[in-house]
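Please build the complex by placing chain B on the supplied structure of chain A, with the hints as guidance.
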Amino acid sequence: MEQQRPLQTEVLTRFYGARRGVEDLTVTLEPGEIFGFLGPNGAGKTTTIRLLMGLLRPTRGKARIFGHDCWREAAAVKRYVGYVPGDIRLYDHLTGWQHIDLFAGLRGGVDRGRVRQLLDRFDYDPGPRVRTLSTGNRQKLVLILALMHDPPLLVLDEPTSGLDPVMQHVFVEVLREEQARGKTVFLSSHRLSEVDQLADRVGIIRDGRLLLVEPITTLRQRYARRMEVWLTAPITEAAFADLPGVQIIAIHDGGRHVELTNQGDVRALLGRLSQLPVRDFTYAPPDLESVFLAIYRDAEAAHPTEVQA
Amino acid sequence: MNGVMVRKALRDWQSLMLWFSLGMLAYILLFGPLWHPVRSAASAIEQYAQAFPKGVLAAFGVPQSPAASFSSFLQAEVFGFVWPIAAIIFVALAGSSAVAQELDQGTIDIWLSVPVSRARLLASKLVALLGTIVLFASVSVLGVMLDFLLAGEHVSATGYARLFLVLGAFLLAVGGLAVCCSAVARTRGQAAGIAGGILFFMYVARVVAELSERLRLLRLVSIFTPFRTGAALAGDPIPWLGVLLSALLGVVAALVALMLFQQRDLAR
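Protein chains in written order, with the working numbering: chain A, 1 to 309; chain B, 1 to 268.
Isolated chain A, as found in the complex (with noise of 0.2 angstroms):
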């Protein structure tokens, strides 16, 4: 069943001369799931996806999609993929339709009754020539144009840039359906917070390499959540500092407000807080974007950046 993993790279590796996009990767999607790709600019995401694409060929190593090799079988990769591309351009002299009658010719077997579906939802009227329109309602039209063929796997680099909150909002709930229809969703972005809503899986990428893979839950039990704590008395530094994964970031007020970060037991947290003269406090929830920078500062840290010819 191997050949039939909606995506598969092993050691996908990418120079530009001795500049490096992407090194070493390795990573299988299974069935269904959305896997969020994450990086800041420049990481190696769009390198990715082009390779995936079969617009790039890999230095070493394999891509494959439903188990087509994404250089060498690009096209029948393409049956598989509805794609949006990071920087979007279009055809400024035809209209919305026109794109769509297009690609619907190009791909055959388009449903008419999936597109004026898909052109309700994202609330965008195809008559008006491309060049006409703003970003968001580019992006509305890429996203149909990667929807309509309802196809088993969407690669998406950076699909809500542009688009207003209430249609990121309706990207999410598009997505969220088709992963309950079956579809695997590969989706690159430096969003976190969409990443953090939409994804099963995160992989981290940073200078070309990938840093890690995991499911998002493990990820965010992995790193310290946020506490802030508002005291009726002062306390200090020590009134802490014999918990294990407690850390104190910062002491307001003369000691009444605390900042801390706990990675430890939260029932040891709770047992020390019910001691102290505590009059409220807050405890966030685990967010992707604080666990994406710790990643990122550790790494940093291991491996400072390097710069490369």
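Honestly, I wouldn't trust all of these hints.
Here are some chain B residues the structure puts well away from chain A; computed CB gaps all over 10 angstroms [unchecked claim]:
no., residue
1, 3
2, 5
3, 39
4, 89
5, 110
6, 130
7, 266
Partial pick of chain A residues on the chain B-facing surface, computed with a CB cut under 10 angstroms [stated by the list, open to error]:
no., residue
8, 11
9, 13
10, 54
11, 60
12, 61
13, 62
14, 90
15, 93
16, 103
17, 106
18, 108
19, 112
20, 207
21, 211
Footprint (simulated), chain A over chain B, 3 or more residues, beta carbon under 8 angstroms [said to hold, decoys possible]:
no., stretch
22, 97–107
23, 114–127
By construction, these hints were calculated from the structure, which means they are not laboratory data.
Cβ coordinates follow ideal geometry from the N, Cα and C atoms, glycine included.
Chain B alone, transformed into the frame defined by chain A:
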């Protein structure tokens, strides 16, 4: 080949096709009504032409006796210089846009997101280009036919067919070269520049070959050498092998373009 892609390419080029074809037709039609005054002053024009250095006549494709017949007159006024330049601009603009414009405008990602091989997508554009070439050559021949009517002269149907073949082979060569350059270039301007450079070299090679006995072999590397429209119309001998080789150059260049594009790494 993909019908949807062919239609898209034809639609993209329709205004280019329309304006170049109409413009060329109008230009060609200028010369039919001029023939009678020119014929009545034939000897003076002959003398005038003889006064020019051979190099200048060769450079502008003017025959030694430009007023000897209406075919020679058209060769001198239309097909010697203006038609090839317009045809090169028209076909090179269309051909060079085939791939390089998609890269230039950043539409290559979306264009190649469909389950059709790159070679088939480009082959579809080549078919559309062939259509524009046939149209441009046909309109040019139609213009010449109307000119002969206006001038009160006569040419056999074979003459027109021979003219169509000479024009078509020339356009095929230009189109093939332009698409080949487009398949390797990063921008449309670069593609048109490379194609233009090659064609300019061919043009100079033909002129030099006509001027220098020592460098006569240069005529073999030029698609301008077999471009003898006056002879085609008049039924005079034409280097048919050269015409065939021009057409073949276009076909081979197009096939090379398909191979190169199929394997091209599209790094930005």
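Now for the hints, and whether the structure bears them out:
no., hint, verdict
1, 3, "violated, 8 angstroms"
2, 5, "violated, 7 angstroms"
3, 39, "holds, 48 angstroms"
4, 89, "holds, 21 angstroms"
5, 110, "violated, 6 angstroms"
6, 130, "holds, 20 angstroms"
7, 266, "violated, 5 angstroms"
8, 11, "violated, 18 angstroms"
9, 13, "violated, 14 angstroms"
10, 54, "holds, 7 angstroms"
11, 60, "violated, 14 angstroms"
12, 61, "violated, 15 angstroms"
13, 62, "violated, 16 angstroms"
14, 90, "holds, 7 angstroms"
15, 93, "holds, 8 angstroms"
16, 103, "holds, 6 angstroms"
17, 106, "holds, 4 angstroms"
18, 108, "holds, 8 angstroms"
19, 112, "violated, 16 angstroms"
20, 207, "violated, 18 angstroms"
21, 211, "violated, 24 angstroms"
22, 97–107, "holds (count 3)"
23, 114–127, "holds (count 6)"
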